[in-house]
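Engineer: Given the coordinates of chain A, assemble chain B onto it according to the supplied hints.
Protein chains: 2
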Amino acid sequence: MKIIVDGMGGDNAPQAVVQGAVEAAKLIEHEIVLVGDEQKLQEELAANGYQVNDPKQGKISVVHASEVILNEDSPVKAVRTKKDSSMVRGIRMVKEGEGDLFISAGNTGALMAGSLFNLGRIPGIDRPAIACIYPIMTQEPALLVDAGANAECKPNNLLEFGIMGSIYMERVLGRKNPRVGLVNNGTEEGKGTTLTKAAHEMLEKSSQINFVGNVEAREVPHGVCDIIVCDGFVGNAILKLTEGFALAVLKLLKQKFTEGTRAKAGALLLKNKMYELKGEFDYSEYGGAPFLGVRGSVIKMHGSSNANAVKNTILKGIPYAENRVVETIESAVLEIEEIVNSED
Amino acid sequence: MKIIVDGMGGDNAPQAVVQGAVEAAKLIEHEIVLVGDEQKLQEELAANGYQVNDPKQGKISVVHASEVILNEDSPVKAVRTKKDSSMVRGIRMVKEGEGDLFISAGNTGALMAGSLFNLGRIPGIDRPAIACIYPIMTQEPALLVDAGANAECKPNNLLEFGIMGSIYMERVLGRKNPRVGLVNNGTEEGKGTTLTKAAHEMLEKSSQINFVGNVEAREVPHGVCDIIVCDGFVGNAILKLTEGFALAVLKLLKQKFTEGTRAKAGALLLKNKMYELKGEFDYSEYGGAPFLGVRGSVIKMHGSSNANAVKNTILKGIPYAENRVVETIESAVLEIEEIVNSED
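Heads up: the sequence lines are chains A and B, in that order.
The first sequence begins at 10 in the numbering used here and counts up by one.
The second sequence begins at 10 in the numbering used here and counts up by one.
So that you can see chain A by itself, here it is in the shape it has in the complex (with noise of 0.2 Å):
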């Protein structure tokens, strides 16, 4: 298997990218493939010791792109006019069947716009969504979906999200039936918007997932469910406003624990659990965002992702190809025609 890995993308590119894959790499049978400016590849491949034939360093090479889609770059435009970006020709690889999967920190909007011109959809998949982990403390994280591809949604692409997060935790996650949840802002049947009274008579339609019915953001954190459903405005909130509230708690408790001696002495006996806690919130942890739903398999990284949270990216999402994923996301769908028609 051949993994893409953009080297040019996010706020760390290159260096944190290629001392990611390179740490990868010893990790892993599979072949990485950096993608973006040959030179500067190279010489960060130099400044992390690797060398090309040293068996116990894996297969790592590159392949020249001139050019980079910036984070400031209109997604569509870019990817339009930069054709020999990074992450345009990254997505080609897979596409022409160069590669097996594609890994970028770059432009979110970008990678999207370009995974489905280049791509497709899925046949029968209306909207691809991006999958988030959602961490829950002291438990396994969840899967957030959709994370913010699709503001505006219909019934129908909530049930694509159930039915792919579903199939994603289970191939990728190794989650054995995975319990789905409705985000929504009561517990009880019928309640709810349009969107999500609709929305939750679909998914309860479905004979491929575990939906255990509404769920409200309350109990998202203290893991109510495995994949959580909701549209990628709420999506986008659920996922900000975590990262938000706990870095606004850490921040606090910083402040606390080193008010006056007493507090100080109390922080220093309780350092190592500190570092625990801030494990809990730890991003770099748990890989990418798939692209559920593209024909293809891509990976957002976190922009700001570090040497750590590459390397996981990389090795947690080869399941993503070896697994199947698009494949059996493709032979879904076919229950989705049926509950959408049913309901016109």
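Because the hints were derived from the structure by calculation, they are not lab data.
Warning: the hint list may mix true and false statements.
Note that the list lumps identical chains together, so a pair holds whenever it fits in one copy or between two copies.
Claimed, not checked - Heads up, simulated DSS-like pairs for lysine-lysine below, C-alpha to C-alpha not over 25 Å straight-line: (1) Lys68 <-> Lys104; (2) Lys163 <-> Lys200; (3) Lys280 <-> Lys92; (4) Lys200 <-> Lys86.
Structural biologist: Only chain B this time, still in chain A's reference frame:
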């Protein structure tokens, strides 16, 4: 001024309600009227040592109501059939001019339905909203509008929420020129859904508010704005997720800080700081949630309000009636009509 309090609403009624009223009465000149089962309320007053005609204890009277609206009651049906409930009686007293403010910890849906049936909307306000205090750690709290009354909104509703929230914060919470932010999935103008884009345009046109533009959910816990404007579905998610996450963090801290002798010793030294931390999340200090846009002053308390929450809701609710918030909103609607008409 007369403050009408639903003696029977909420999980801890009538005990906590009466105790909170007794504590509040000592601190204010205004009369508190408890509505509900007269015998039970008098018993609770006695149990709390309340004596009529003791000037130090303030003025409390009881008005009998034979029925109680329960949490599990269907809101609309309950307010239609339970005419002699403490809730409907209380709302009617405001309607008839026998009270200036009604406070209840009972069924939220019934309180909104009963308020709309009996008091009606302020002319020109399309959708009344629940405005909820949103705690910001180490800073003054923000106000979230709408916290859940209107799961589906039109752009003009969000404009109304911004204007009404702004008036409430100035007149009741005493914050001058409060910053109004629109929750969106990006801060740039032009970002968002059909709803948020149109609402952004309208909010920008208002000369009555200090509109600071789009705000991302990530920035909300850091105090990016004073009035958090969003539809009731998103508002419910923000509020509930924050509550749920705060609880999960406190639970995790407790767990981590009791693992092993070293951690326990550290936690002992940090005991006061931990209390302070818990206090940051304590809703009972902040007072209740006004129903903005209703033609009368109605405040909802949290269903699980304790005596302290009841006391604070009474004390902090007084300016809602005293500073003529309803009348100020009435005089602000002309601009809303102009802005909405200019969009057509």
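Engineer: If the cut is 25 Å between Cα atoms, do Lys200 and Lys86 qualify within a copy, between copies, both or neither?
Structural biologist: between (41 Å within a copy, 17 Å between copies)
Engineer: Tell me, please, which holds for Lys163 and Lys200 at an alpha-carbon limit of 25 Å: within, between, both or neither?
Structural biologist: both (17 Å within a copy, 19 Å between copies)
Engineer: Give the relationship of Lys280 and Lys92 under a CA distance limit of 25 Å: within one copy only, between copies only, both, or neither.
Structural biologist: neither (49 Å within a copy, 59 Å between copies)
Engineer: State whether the alpha carbon distance between Lys68 and Lys104 is at most 25 Å within one copy, between copies, both, or neither.
Structural biologist: within (22 Å within a copy, 78 Å between copies)
In terms of the numbered hints stated before, the structure departs from hint 3 and from no other.
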